[in-house]
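There are 2 protein chains.
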Amino acid sequence: MNTLISTLRGICGDAHVLTHDDPTTDLSAWEQDWRKRSRGQALAVVRPASTAEVAAVVKACAAASTSIVPQGGNTGLVVGSVPDDTGTQIVLSMTRMNAVRAIDKDNLTMTVEAGCVLQNLQDAAEKEGLLFPLSLAAEGSCTIGGNLGTNAGGTQVVRYGNTRDLCLGLEVVTASGEVWHGLTGLRKDNTGYDLRHLMIGSEGTLGIITAAAMKLYPLPAVQLTAWAAVPSMAAAVQLLGLAHQKLGPGLTGFEVMGQFALGLVDKHYPQLRVPLFKEAPWCVLLENSDSESETHARGQFEALLEAAMEAGCVSDAVVAENIGQARGLWHIRESIPLAQAEEGLNIKHDISIPVSRIPAFVQETDALLLQHIPGVRLVNFGHLGDGNLHYNVQAPQGADGKAFLRDWEERVNTLVFDQVARFNGSISAEHGVGELKAGKLPHYKDATALAMMHAIKRALDPQNILNPRKVLP
Amino acid sequence: MNTLISTLRGICGDAHVLTHDDPTTDLSAWEQDWRKRSRGQALAVVRPASTAEVAAVVKACAAASTSIVPQGGNTGLVVGSVPDDTGTQIVLSMTRMNAVRAIDKDNLTMTVEAGCVLQNLQDAAEKEGLLFPLSLAAEGSCTIGGNLGTNAGGTQVVRYGNTRDLCLGLEVVTASGEVWHGLTGLRKDNTGYDLRHLMIGSEGTLGIITAAAMKLYPLPAVQLTAWAAVPSMAAAVQLLGLAHQKLGPGLTGFEVMGQFALGLVDKHYPQLRVPLFKEAPWCVLLENSDSESETHARGQFEALLEAAMEAGCVSDAVVAENIGQARGLWHIRESIPLAQAEEGLNIKHDISIPVSRIPAFVQETDALLLQHIPGVRLVNFGHLGDGNLHYNVQAPQGADGKAFLRDWEERVNTLVFDQVARFNGSISAEHGVGELKAGKLPHYKDATALAMMHAIKRALDPQNILNPRKVLP
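First to last, the sequence lines map onto chains D and L.
Residue numbers for the first sequence follow full-length UniProt numbering, beginning at 1 and rising by one.
Residue numbers for the second sequence follow full-length UniProt numbering, beginning at 1 and rising by one.
Heads up, some of the hints might be wrong.
For chains that are exact copies, the list does not tell them apart, and a pair is met inside one copy or across any two.
Said to hold, decoys possible - Distance condition first, Cα-Cα at most 16 Å in a straight line; then the derived EDC-like pairs of lysine to aspartate or glutamate:
hint: 1; residue 1: K36; residue 2: D366
hint: 2; residue 1: K59; residue 2: D418
hint: 3; residue 1: K105; residue 2: E128
hint: 4; residue 1: K440; residue 2: E410
hint: 5; residue 1: K445; residue 2: E178
hint: 6; residue 1: K348; residue 2: E409
hint: 7; residue 1: K445; residue 2: D194
By construction, these hints were calculated from the structure, which means they are not laboratory data.
Can you build the whole structure from these sequences, using the hints too?
Quick look at the structure:
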């Protein structure tokens with residue numbers, strides 16, 4: 001192993017190959033996952049500065065049969081970017097590759113390295129008067145390479161799609177250390193299999209994304225935010241349909257939040273002043289991005305909310321008067337996970353269901369859980385516009401959180417995932433598989449699909465050195 | 001072989017397995033490609049009626065090591081859906097699988113079988129008050145399975161993307177005759193590798209698409225069409241940027257047409273009355289799809305065209321007054337290939353280039369061609385909004401078309417494709433590879449990408465029975 005470490009030091013420089021040999025070096029930032037569910041031990045943390053260095057590192061590791069765990073901002077939620085505890089894997093941290101290589105305004109694209117922090121890309125685009133629409137809670141520290149590796153979702157998917165839908169080309173280092181130069185930035189290219197989409201969402205198990213060509217959009221003239229109280233989940237779905245009709249592609253956000261979830265925000269962060277939640281079982285946050293003017297956008301929102309009230313799917317609503325108020329509403333939505341953590345440990349799910357079936361899913365699954373666990377509390381919120389719920393399960397009032405997790409986590413997961421399967425949904429909507437859910441795929445994924453996945457993995461990484469045991473069990 | 005044929009007859013019924021044994025049966029509709037560039041001979045044309053029949057047919061063929069050429073409407077332009085001339089391949093015609101299995105209005109999806117004709121899907125969506133936005137010249141006879149197999153483009157890509165961007169899930173029969181049930185209709189599903197995008201655009205070489213879940217959109221309230229004369233290709237690109245800014249996602253079409261191309265329409269179809277082309281080297285057709293009203297859409301178009309004239313990138317423009325006029329303008333655009341055929345044989349290209357580099361590409365490549373072939377005429381038109389040009393090369397005035405093709409086709413292809421490569425473009429933007437361009441990939445495709453494609457093909461179709469010699473040379 002010492003030979004490999006010195007080879008890697010020769011490639012990246014001594015300062016960029018960190019090991020436990022130096023007892024003053026703390027590698028926990030790279031070895032511990034974000035949710036602190038798993039703590040691994042790395043042979044080394046390697047921090048290349050260029051695609052050529054990544055390729056050389058992979059070749060060296062392939063020659064030594066040493067496996068590689070690619071890592072961006074390490075903010076993933078499914079234990080996908082940390083090493084196992086054997087001390088034999090290297091963590092390939094991409095954060096030094098953080099250049100914006102080019103912005104092409106006429107082509108509406110930017111070419112960026114994998115280690116760029118998402119928020120920096122949003123800012124770089126905005127400086128050019130353009131929008132990079134990917135937006136999610138971890139944007140201050142997650143990297144675009146990680147977003148691509150996991151096909152991250154976020155809050156504007158209803159209009160702009162997931163990360164994969166924003167990507168036009170990739171540069172990738174393969175398991176044998178070859179470089180695929182695919183950074184074309186073309187909107188149309190039908191010269192063979194779509195390797196781009198195969199790499200995106202493969203969580204570093206098929207290749208290492210070193211750079212990407214991403215789509216940009218014109219900056220909207222204005223973004224308005226509204227908050228509506230709705231009498232039922234079915235009413236929320238009806239409101240979504242009306243919003244699609246009335247706002248067209250102006251609809252860039254549609255978040256649903258359950259009363260109990262908002263109650264937790266109200267309880268733990270009373271200064272946030274959650275509106276309208278006491279009178280309705282669900283609230284919806286809507287965002288309208290308009291290419292014209294604030295007057296136009298307000299007119300559209302008013303027409304939508306008027307029609308919705310007439311149809312009975314909205315009982316009350318407010319439209320943010322200014323950016324400060326709009327941010328305040330989004331802040332409430334984003335505070336749900338934190339409020340939930342304040343309340344105690346809970347069992348998290350990131351599921352998707354066809355939008356049309358969500359009302360029945362929620363009703364049935366709530367009832368099933370309450371039947372099994374009297375008093376259980378459901379923290380249900382999410383991106384209803386994409387059919388994506390964060391359907392989280394909190395211990396009954398006063399119950400011990402740790403005991404609840406120990407006794408119930410596996411059983412609750414099974415119950416919820418079985419329901420998801422019954423409703424043709426997905427057990428991982430936007431977070432990915434990682435190590436956390438790899439074991440679930442044989443049961444919940446179509447067997448033919450899983451067999452194809454295994455065949456592709458064997459074909460592209462025959463030594464199984466790229467992020468082994470992630471995604472595929 | 002007689003054993004196989006009788007097995008296939010047992011699966012699909014005698015009437016749906018056509019062979020040359022019956023001399024009255026004419027198989028040319030399945031054996032001859034659309035552009036009449038290649039005439040093959042099939043062992044049989046097999047027409048299954050269900051996914052189970054497709055799976056059984058594939059199993060029988062796999063057992064007999066007989067290769068399968070999947071076929072939809074057989075309107076492809078790159079010889080991708082016809083058999084070779086050995087008489088040993090079966091054509092698997094999907095046109096009997098033409099059911100719309102479901103339309104889910106709340107989920108904005110429809111589940112359709114591969115053999116559905118595109119226009120029927122547009123109509124089925126419209127009946128529900130929804131839009132299925134894929135639109136292309138062959139829509140009256142092409143099938144959605146073929147659109148998916150080739151990742152077809154068309155005229156609304158600037159807003160809605162290519163066929164792959166409209167697909168949320170697939171049902172596929174693999175090379176071993178297993179069925180992947182992936183028709184979820186989910187907008188978010190991160191449970192493993194994206195097999196959907198791998199199958200889309202693989203031209204039937206990795207699996208046989210039997211059904212798909214496709215996205216629907218709200219019907220726009222109005223679609224307006226404008227026609228603008230622009231002083232240069234650079235001005236057309238500038239106009240595109242302004243249109244993105246002013247119309248936002250309302251911009252659903254942006255087609256550029258060269259003066260010579262429009263002159264051919266004027267010459268061969270004078271009744272179409274081509275506007276403005278005599279005074280400008282390029283015309284642009286713009287489409288604005290609005291979710292509000294005609295008044296609103298007209299106001300937007302007027303503001304755009306005013307700004308464009310002020311900026312000097314439009315010299316004159318008309319906005320269609322009614323649907324009849326709008327159809328007339330689109331009809332002119334769609335008549336270019338026909339007018340070109342009236343004028344004589346020509347060398348066709350379907351290329352893409354980053355939008356920002358198109359003006360320089362056209363200027364340089366035009367000059368190069370004129371230098372090599374004095375008097376050569378360039379029929380240049382296409383989807384500028386996507387960076388996609390149909391950059392076609394017509395013999396000099398009075399020259400013999402056949403002799404021109406014989407002497408020049410290969411040399412002109414090389415010259416144009418080398419230019420495309422220099423400008424980081426694609427030699428096949430929306431038509432695919434088929435047999436026609438398979439031989440070009442080793443030269444123009446990234447070697448690492450090509451190696452991955454081969455590895456994936458071997459992994460998913462180890463017997464090489466699915467559309468062999470298409471895509472991969």
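We went through each hint and held it up to the structure:
| no. | hint | verdict |
| --- | --- | --- |
| 1 | K36 x D366 | neither (28 Å within a copy, 60 Å between copies) |
| 2 | K59 x D418 | neither (42 Å within a copy, 32 Å between copies) |
| 3 | K105 x E128 | within (8 Å within a copy, 38 Å between copies) |
| 4 | K440 x E410 | within (11 Å within a copy, 53 Å between copies) |
| 5 | K445 x E178 | between (31 Å within a copy, 15 Å between copies) |
| 6 | K348 x E409 | within (9 Å within a copy, 61 Å between copies) |
| 7 | K445 x D194 | between (22 Å within a copy, 13 Å between copies) |
In this structure, the hints that do not hold are numbers 1, 2, in rising order.
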